[in-house]
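From first to last, the protein sequence lines stand for chains A and B. The numbering used here numbers the first residue of the first sequence as 1 and each following residue consecutively. The numbering used here numbers the first residue of the second sequence as 1001 and each following residue consecutively.
One should not assume that every hint holds.
Non-contacting residues of chain B with respect to chain A, defined by C-beta distances greater than 10 Å in every case (computed) [to be verified]:
no. : residue
1   : Ser1055
2   : Pro1252
3   : Ser1358
4   : Asp1538
Example chain A residues on the side facing chain B (calculated, C-beta under 8 Å, incomplete) [claimed, not checked]:
no. : residue
5   : Phe25
6   : Pro28
7   : Ala54
8   : Cys59
9   : Glu148
10  : Gly206
Don't read these hints as lab results, they were simulated from the structure. Computed from a predicted model, the values in this text were never measured in an experiment. Just so you know, even glycine gets a beta-carbon here, dropped at the ideal spot from N, CA and C.
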Amino acid sequence: MRNSYILHIERYNPTIDSEPYMTTFKVPKKESATAPMTALMALHYINRFLEPIAYEYNCRRGSCGCCAMMIDGMPQLACYYKLTHEHTLKPLTGCSVVRDLVVNRKPMRDKFVLSSDTLNPIGSSSILKPISGEFWRDTIAPINACRECLCCYATCPVIQVHKKLDSFIGPGAFQQLYLRSINGMDDGSSVEKAVVEGLFECNQCGMCTLVCPARIDCTRHIRTLMEMAVSAGLKPASSK
Amino acid sequence: MGQEFSRRNFLKGGFALGLGAATAAAFGSLSGCSPKTEGAKANSVALTPSGISYSLHSADVIVVGGGMAGLNATQQASDAGASVILVDKGPVGHSGNSGVLWGQTYVTAESTTDDGVSGAQFLAIDVMGILDQDQAREVSRAQIEAQPRRVIEGAGNMFQRGDDGQVLGLGQPTVTVTHNTLYKQQAQLLVKRGIPVFDNTMMLDIMLDDEGNASGIIAINLDDGSAHVFRGKKVILCTGGYHWVSRSAGSPESTGEGHLALLKRGYAFKDMEFPQYDFSGIRPFGYRPDKEKDQVEIGVELIANGEIHHRMYNKDKQQFTKAFFSDPNLQSIVAFQGTLITAAKEFFQGNGTPGDGSNNGIYFNIENIESEPNTQSYPTYKGVRKYVARNMNYQWPDFLENIPSEYSSCGVPKQDPKTCESEIPGLYTVFVALSAMSSMWNWGQSYLAGKDAASKAKTLDYLPSYKPEEVDEILSKAYGLLEANPADGIRSLEVYRSIQRAFYRGQDYMKNEDAMKEMLTELERIQKEDLPKMFCQDKSRNFNRDWKQAMEAESMLICSLATVHAALERKESRSPFFRTDYPKMDNKNYLCYLWTSMGKNGEWKVEKGDIVDSVLPREELLKILDDTEDKYDISIPNEYI
């Protein structure tokens, strides 16, 4: 058994460096029966014992979304990525780099803001609508667990290949619109908003579902939104 | 059909704003007391006397901290018509406990109809029983008034439904326990309203005018190292706790800057000695903090008052909680205490798992957890093994080790129970109360503070002044930490770790006087020897964690000192404050506040004070505690002593 991990990490301090460069670190293995070594733990080790390095984290347990980055070419949460041997860590695709693995997520998080409604309190707590417990568990609870980590944005071809972020609200924000469309209090405006924000640009490739650390079935929810839009007669003539 | 919907229509909700910024700018011309060095308007740039450049911003109300309390205080102050600036140490919506606690148990007294009495009583017999009952009543009243549940669902959150489809706890008189994702929705709402949010921006200190009124804060942007001064008519500190110094489930941003601002000015705090523990991570996963803090391992969450306490096992893999929890009359709050005390008994007998070397761990048996019923409020942790297997390609064994962790520190200064205004006029403090119902407290307190700060700000027609020479001193110190190159220097990260290690030594789950005295000696040594030699290995102003930790070291150290001085004076045990040298409960002597303060020369004072018992009188409280002790054996029994 090899006794260390090898990490190739992209480094870039825009105030000093003319362009990003790669550095390689060897990190001793530290695993126990109940705890694997994660990419975040390796970053802590490097920062403390090898060289100061910039990375973001908060919760250390997969619930805040701060440590999302590209690991071996796929968007991942560093705190929830088990190291095996040799890995490459890069900043999240599609974001400008603040430093090393820290990116400016604001342009994409603003898409979530765009999906948000203004506060519209319902009349009384006593009229909170019943929802099937099973539906809550299987569909709503996972959406509530969305961390806005932006892994789905980093892998979405509409955004990364076709560069349509300006007219496309993105997979994560579509989940919020979907949640609103099914909460029993929506007047149909969530589906309308989804259509205006590029719903039919989605080609249902399935990448967002694949990379979502909360295991939200993003693709299916977007498809449901499309179906709702079609039956409401909201599908734009121009889309396929 | 698509062209009938214009983007503009859908976006228009977002343009109610700009208003905040415009109002904020207008104050500049009103500020009769402004320093002469610059014109006080929003976003102007000024220089300190020694030439450090800083950006100057102003609004009616400055809220510091973007966690659960800070987001709500900002919203309440904004709803009440004030211009507000939110200064957040982390990324907004993802910092502090708003980042950690997405999907949190929500507790509210809003279904009660007795003007807050039963809500306050519920809080009064909460974990420790000595919280400020005046404030407990105000917090309950605030919830009755504002009905947060309907606001939360109205914002697009959906409370958890049980198997019958109803919101869990909806029919209960005093409390509802459900999950929601309020914080991200609330953060989005604030941004959408156009409230100026300065995130990744760390408060260094508060500012006071000549009369001693709060007049703003001084801060550093952690992304680019720029300095900022935020002037306000009122300031609300929602800086959370300082629990990052402990083995904490909380956020690395919780390092006590708010506490330091008051402690260093001589103001006393109560409850500094009390940690709030659980065997928990928050859903959906968990974690296990290592001795060296940043080396956090993935673990599993254990929920204290769900139906799974019987899954707690000692080092010999013997189940130790079943007898306790098989009592059908067990109240959930007592269950919470019971979880902690039964574990403490195991630790006391040397039956803890090795953990990180402290022998204060347990095994959590997740065998067949997937088949647990769904009646309680935490369905998702059933899937935790599946999540780990899928996300990490890692198969967990049936027995997982878990170490109790501090989900929050406590410690609150003297404040008006109706408004949360501290002894510094114009400075509101929404720190973590001594309560397991933290969501209830923090919603209520931030509501009270936000409303009051906004309404009082309206009656002030000028911005209180500040002192550029003090800005100079604070900023010089901060930039000095970045530039320092002392001989025999110690990297800030190592100083930071030393403080944490000292804290673990004296404030572990099981405490004793010897360990606490070692902690005190070590902290005093760090203060005298290490702090002056601290340096940052990384010298960039751009996202420099070394520098951030250097700036946090003082508040972590001072808060730790306050903790150990107060803890030494609590000579008894109860959940979750355990002393192996005083293992019995002593209810009579327990029922008091310990006010801890620091003098001008760094000398510490701990003074006893009466508890506020306006809703549940001391004698009744004493009887409840005595009964609980008799019935549930909450102190460590004689045979283990």
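Beyond 10 Å from every Cβ of chain A: is that where the Cβ of Ser1358 of chain B lies? 15 Å, holds
Going by Cβ atoms only, is Ala54 of chain A closer than 8 Å to chain B? 5 Å, holds
Nearest-CB test (10 Å) between chain A and Asp1538 of chain B: Given that some Cβ of chain A is not farther than 10 Å from that of Asp1538 of chain B, nearest at about 4 Å, it is violated.
Beyond 10 Å from chain A, beta-carbon-wise, is Pro1252 of chain B? 6 Å, violated
Would you check whether Cys59 of chain A satisfies its interface hint, that is, whether its CB is within less than 8 Å of any CB in chain B? Hint holds; Cys59 of chain A Cβ to chain B Cβ min 5 Å, cut 8 Å.
Have a go at the Phe25 of chain A hint: is there a Cβ in chain B nearer than 8 Å to its own Cβ? 16 Å, violated
Beyond 10 Å from chain A, beta-carbon-wise, is Ser1055 of chain B? Nearest chain A Cβ is 18 Å from Ser1055 of chain B, so the label holds.
Checking hints one by one. Is Pro28 of chain A an interface residue toward chain B, by the C-beta closer than 8 Å rule? Violated - the Cβ of Pro28 of chain A stays beyond 8 Å from chain B, reaching only about 11 Å at its closest.
Next item in the hint list is Glu148 of chain A. Is there a CB on chain B closer than 8 Å to its CB? Holds: closest Cβ of chain B sits about 6 Å from Glu148 of chain A, inside 8 Å.
Interface hint for Gly206 of chain A, Cβ within 8 Å of any Cβ on chain B: Violated, because the Cβ-Cβ distance from Gly206 of chain A to chain B comes to roughly 16 Å (cut-off 8 Å).
Hints 2, 4, 5, 6 and 10 from the list above are not met by this structure, while the remaining hints are.
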